[in-house]
Each structure stands twice: as C-alpha cells, then as structure tokens.
Amino acid sequence: RKEVEQDPGPFNVPEGATVAFNCTYSNSASQSFFWYRQDCRKEPKLLMSVYSSGNEDGRFTAQLNRASQYISLLIRDSKLSDSATYLCVLLSGGYNKLIFGAGTRLAVHP
Amino acid sequence: GAVVSQHPSRVICKSGTSVKIECRSLDFQATTMFWYRQFPKKSLMLMATSNEGSKATYEQGVEKDKFLINHASLTLSTLTVTSAHPEDSSFYICSAPGRLNTEAFFGQGTRLTVV
Chain R
17 RKEVEQDPGP FNVPEGATVA FNCTYSNSAS QSFFWYRQDC RKEPKLLMSV YSSGNEDGRF
77 TAQLNRASQY ISLLIRDSKL SDSATYLCVL LSGGYNKLIF GAGTRLAVHP
Chain V
461 GAVVSQHPSR VICKSGTSVK IECRSLDFQA TTMFWYRQFP KKSLMLMATS NEGSKATYEQ
521 GVEKDKFLIN HASLTLSTLT VTSAHPEDSS FYICSAPGRL NTEAFFGQGT RLTVV
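In order, the protein sequences belong to chains R and V. All letters in the first sequence, in the order written, are residues 17 to 126 by our numbering. All letters in the second sequence, in the order written, are residues 461 to 575 by our numbering.
None of the hints are false.
Examples of chain V residues lying across from chain R (beta carbon under 7 Å, computed): (1) K502; (2) S503; (3) L504; (4) L506; (5) F566; (6) G569.
The calculated DSS-like cross-link candidates involving lysine-lysine, where the alpha carbons are at most 27 Å apart (straight line), are: (7) K18/R to K61/R; (8) K501/V to K61/R; (9) K524/V to K113/R.
Chain R is nowhere near these chain V residues, computed Cβ spacing over 10 Å in every case: (10) K480; (11) G513; (12) T573.
Please keep in mind that the hints were generated in silico from the structure rather than gathered at the bench. Each residue gets a CB set at the ideal place from its N, CA and C atoms; glycine is no exception.
Based on the provided sequences and hints, a complete structural model is requested.
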C-alpha cells in the first residue's frame, strides 16, 4: 500500500465552484502534513500546513482526521489561477523526508 | 525566503553519456539535501538523501553507482546520472529542509531527456 494516496482527478470545475480533495496515509505515526501546489513542469510550492485542529488560509481550508488517517483540502470560490496539481505531503518520521502523494489535478474553467 | 538554485533546468543528452545536475543553497547552509525524480503524472519519488561530509543515503531500488551524489560543501550538492538511458528521462528536483525541518525549499527542477 502506498504511503500517501490521492485521487488523481482531474477535477474540472467552473470558476466560483467549491472543490474538495482528500488524501489518505498509511503510517499512523506520521505527525506533519502539508498541501503543496505544483504547476506543470515546475517545482512544488508549499500551499499550507495541515494542523490537527484544522486551519484556513483565505479560500483554502485544510483538515486532518487522525482516526481515519485522511487529510482534506477545500477550495472555495475557485479561480482560473487555481488550476494546478495539488500534492498531499507528509513528513517521514525522524528523517525529515517529505513523502509525496501522486497529486490531484484541478482544472478551473471560465 | 531561502532559495535553492538548480542547474541546468533542461538537458538533452545521448544514451551512454553522463549528466551532472547541481543544486545550490544560495543564502543558507544545507547539510542535507534531498533528490527526487518525477515521471509524467506521477508523484515525486525520493531517490536519495545527500549529506555534507558523508556518503549519500539511497532509497530502496535506486542504483547508487548509476546516480552518483556528491555533497561537496554546505551549499552544493550534485547528482550525476551516469551512462544515461532513455528510461532515465525524467524530471529531477532537489530540495533542502528549512530550519524548522518541517518546510522544504525546492530547486527549479531539471528536465532530462535521453535520446
């Protein structure tokens, strides 16, 4: 079983829509989680960290469910510029290695 | 924020040749750097951890003799793809952990095409 699993999508949504991505992880000892955004042929960029209590940054809300071992990202009022691949990432134990999911592709259309 | 510079951004080489990719931390010292590979529509796969002053740690299934890693200084790590083959064509990207070890600074990536 992969350490991090995501629905690859693509999610095709109109501007202004609300869209949610889920991600599941297999290692219950994982402590730190992140959402990264990757544009085509570019390096990943940190979108936001995911905290146990849930956190919000503008139109983006991230949540963590440790009991079910999944993480979610909610994007409200989608913009064309939100089109990208969203990577679910966790920090591997004490090695400070980032483990990436395969990513979920989002396409926002006019 | 911290910047990691990776060079070259794109390279095309012939089968059998070697390609060196450099990753530099520009405004901080990186005792550790991570090298990833990403195939189209796939996730970033960690290949190895580069450690300044000691040997790199390779992930399972990664050939250390094929992917030579050298961490020559606190600001430079290099990955050399030796005797490249078309199946080595991929997007290679380095990252350095930030001070808090919960963040990562990525290089811009290198798109390698072996013909």
